[in-house]
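Those protein sequence lines, which keep their order, are chains C and W.
Counting the first sequence from 1 gives a position; my numbering is that position plus 7.
Counting the second sequence from 1 gives a position; my numbering is that position plus 7.
One should not assume that every hint holds.
As the list claims (entries may be wrong) - Taking CB as the label site, the calculated pair distances span:
no.: 1; chain 1: C; residue 1: Gly65; chain 2: W; residue 2: Gly131; range: 36 to 44 Å
no.: 2; chain 1: C; residue 1: Val79; chain 2: W; residue 2: Gly150; range: 46 to 54 Å
no.: 3; chain 1: C; residue 1: Ala272; chain 2: W; residue 2: Ala29; range: 45 to 53 Å
no.: 4; chain 1: C; residue 1: Pro289; chain 2: W; residue 2: Trp40; range: 49 to 57 Å
Said to hold, decoys possible - Just a few of them, taken from the derived set where beta-carbon distance is under 7 Å, the chain W residues facing chain C:
no.: 5; residue: Pro156
no.: 6; residue: Arg157
no.: 7; residue: Ala160
no.: 8; residue: Val168
no.: 9; residue: Pro203
no.: 10; residue: Asp206
no.: 11; residue: Arg234
no.: 12; residue: Thr239
no.: 13; residue: Ser273
no.: 14; residue: Phe275
In short, the hints are calculated from the structure, not lab data.
C-beta: ideal position from N, C-alpha, C; glycine also.
Protein chains: 2
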Amino acid sequence: MKIGLDVGGTKTDAVAVAPGGAIAGRVRLATGWGPDAVIQTVIDAVASLRRELALPDGAIASVGIGTPGQVVSGTGRVVHAVNLGVDELDLAAAVAPALGVPVHVENDVKAAAIGAYALLGATGSMAYLNLGTGVAAGIVLDGALRRGPRGTAGEVGHISVDPHGPLCRCGQRGCIEALAGGGAIAERWSRPGALPVRDVFDAADAGDALARDLRHGLARGVAAAVRILVLTADVDTVVLGGGITALGARLMADVSAELGASAAASPFMRSLGLEERVALLPAGSPAAALGAALIGDSREPEEALARG
Amino acid sequence: MKIGLDVGGTKTDAVAVAPGGAIAGRVRLATGWGPDAVIQTVIDAVASLRRELALPDGAIASVGIGTPGQVVSGTGRVVHAVNLGVDELDLAAAVAPALGVPVHVENDVKAAAIGAYALLGATGSMAYLNLGTGVAAGIVLDGALRRGPRGTAGEVGHISVDPHGPLCRCGQRGCIEALAGGGAIAERWSRPGALPVRDVFDAADAGDALARDLRHGLARGVAAAVRILVLTADVDTVVLGGGITALGARLMADVSAELGASAAASPFMRSLGLEERVALLPAGSPAAALGAALIGDSREPEEALARG
Numbered sequence: 008m009k010i011g012l013d014v015g016g017t018k019t020d021a022v023a024v025a026p027g028g029a030i031a032g033r034v035r036l037a038t039g040w041g042p043d044a045v046i047q048t049v050i051d052a053v054a055s056l057r058r059e060l061a062l063p064d065g066a067i068a069s070v071g072i073g074t075p076g077q078v079v080s081g082t083g084r085v086v087h088a089v090n091l092g093v094d095e096l097d098l099a100a101a102v103a104p105a106l107g108v109p110v111h112v113e114n115d116v117k118a119a120a121i122g123a124y125a126l127l128g129a130t131g132s133m134a135y136l137n138l139g140t141g142v143a144a145g146i147v148l149d150g151a152l153r154r155g156p157r158g159t160a161g162e163v164g165h166i167s168v169d170p171h172g173p174l175c176r177c178g179q180r181g182c183i184e185a186l187a188g189g190g191a192i193a194e195r196w197s198r199p200g201a202l203p204v205r206d207v208f209d210a211a212d213a214g215d216a217l218a219r220d221l222r223h224g225l226a227r228g229v230a231a232a233v234r235i236l237v238l239t240a241d242v243d244t245v246v247l248g249g250g251i252t253a254l255g256a257r258l259m260a261d262v263s264a265e266l267g268a269s270a271a272a273s274p275f276m277r278s279l280g281l282e283e284r285v286a287l288l289p290a291g292s293p294a295a296a297l298g299a300a301l302i303g304d305s306r307e308p309e310e311a312l313a314r315g
Numbered sequence: 008m009k010i011g012l013d014v015g016g017t018k019t020d021a022v023a024v025a026p027g028g029a030i031a032g033r034v035r036l037a038t039g040w041g042p043d044a045v046i047q048t049v050i051d052a053v054a055s056l057r058r059e060l061a062l063p064d065g066a067i068a069s070v071g072i073g074t075p076g077q078v079v080s081g082t083g084r085v086v087h088a089v090n091l092g093v094d095e096l097d098l099a100a101a102v103a104p105a106l107g108v109p110v111h112v113e114n115d116v117k118a119a120a121i122g123a124y125a126l127l128g129a130t131g132s133m134a135y136l137n138l139g140t141g142v143a144a145g146i147v148l149d150g151a152l153r154r155g156p157r158g159t160a161g162e163v164g165h166i167s168v169d170p171h172g173p174l175c176r177c178g179q180r181g182c183i184e185a186l187a188g189g190g191a192i193a194e195r196w197s198r199p200g201a202l203p204v205r206d207v208f209d210a211a212d213a214g215d216a217l218a219r220d221l222r223h224g225l226a227r228g229v230a231a232a233v234r235i236l237v238l239t240a241d242v243d244t245v246v247l248g249g250g251i252t253a254l255g256a257r258l259m260a261d262v263s264a265e266l267g268a269s270a271a272a273s274p275f276m277r278s279l280g281l282e283e284r285v286a287l288l289p290a291g292s293p294a295a296a297l298g299a300a301l302i303g304d305s306r307e308p309e310e311a312l313a314r315g
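Extracted from the complex, chain C is given alone in its bound form (with noise of 0.2 Å):
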């Protein structure tokens, strides 16, 4: 049984995943402030997961780790996880002793990228745009994540594809992720509200000018984010995920609504069918988690693994 772990900013999804790829078993649980809390975090999950299944000892082969921030490549270390409280750890090192197997640790886009792969059945290539506070996709190459030698393979969000538009909080003008970022939209948004994208889009419906203006940067940066992966690594589809997904058919259909009206446009844009080759990943997969749970069948053992 392999274990796969999506440590988020407030919860941490984990799910045991048996030798054929089936998901055995599913928790979740409330993610710790801090390194040592992570680090206490993953191996309660693990027991938590262990118990839930009566895991005999012995019965796991494998964790791996999904957390946000960079994983520096080839290691088991987390860097500049904000969300987390971390701004670097071992992670693999830290948790490997308790746990007492292999220990993976990924990027959670490209672990989300490996699972989403998994759980649509994909075959051939595939990016999944993660739509959350930030942007940034995970590309799948017949069937082999990329990573890439610095890890910035996929780092989409902070391409500029407008010169005059917003400025990112990276410090260019009109990149991805300050049009289409959850945390760019609620920042100019700057109205109290839980849901501030979904508010948005609510309040662009009852005409508001503003909500209007961030919905529809919304849906441009989400399509240039499509066409980029698609003109450079020319996957065969584009799924999105990631929070801001909740919208659902809102979200798709303003994205469709884009590509489309630059296929009307283009023959060139028309020919790659674009709208056809972007999908929603289903709400509330785990694709983090099982990917973080596959990182080891996609990768050489001797990297990024710690044993305990």
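Could you slot chain W onto chain C? The hints should help.
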């Protein structure tokens, strides 16, 4: 000996590559116009190399052909090679009987990417960004050309990076090609001259406002392509080639200034060190012809191959 041809709009560049990878001979000849003349050009170029090097019968193992236009994936068929006067042609099948060896056909930019990778002794991943009449890239990931199922990998020319930018011949606004393509620049410059982009650089130096705008657009477009290639595929380096790179250091200075400006504005962009990751292909390098010769090495023999 492997033969590689770069069939261009005006001339055809042909090289013979020894088993170790060294270029044993090179000839250039004028390219004929239209399907029949292109077929004859290929046959003449191979015959010319054979004479030049006094190659005995059986000395040629394969012929690879780089061509403008689109090569239908997994075939030797060329479509929309407008520069050659070819709308559709099974080039591999047409020349194989006369040549009597396996023939591979590849898009010229993709062939140049393979050739540049070999010529520069690159390791890891590299993008070759071709700045000619149009703009397109070839992407080599961990030593292997990324083609993609639809052949659109690296087609960064038609990614829009400015919704208010110039209209592109593809129908969109602000495409990288509309900013940085030699054809688009010459059209907007619209003054007579054999080397319009060089004229634009000279006029910009002399203070002409339109020329300064066009020259700045070229640098913006190239810098945008570099950022997109690095932030999508995480290539180690981006190598610039194609007709416009005859401007050499003048072009590089502009591109570096543009990359430097985004690095100054954004710590994230600065962390990528893009200025150090862009290089010029040396002028006159037979990258596309060499790459065409090497194609057989990076492709399964049953693909895109016709036996004479």
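Here's how the hints hold up against the structure:
| no. | hint | in the structure |
| --- | --- | --- |
| 1 | C:Gly65 x W:Gly131: 36 to 44 Å | holds (39 Å) |
| 2 | C:Val79 x W:Gly150: 46 to 54 Å | violated (23 Å) |
| 3 | C:Ala272 x W:Ala29: 45 to 53 Å | holds (48 Å) |
| 4 | C:Pro289 x W:Trp40: 49 to 57 Å | holds (54 Å) |
| 5 | Pro156 | holds (6 Å) |
| 6 | Arg157 | holds (6 Å) |
| 7 | Ala160 | holds (4 Å) |
| 8 | Val168 | holds (6 Å) |
| 9 | Pro203 | violated (24 Å) |
| 10 | Asp206 | violated (26 Å) |
| 11 | Arg234 | holds (6 Å) |
| 12 | Thr239 | holds (4 Å) |
| 13 | Ser273 | holds (3 Å) |
| 14 | Phe275 | holds (4 Å) |
Violated hints for the displayed structure, listed by number in ascending order: 2, 9 and 10.
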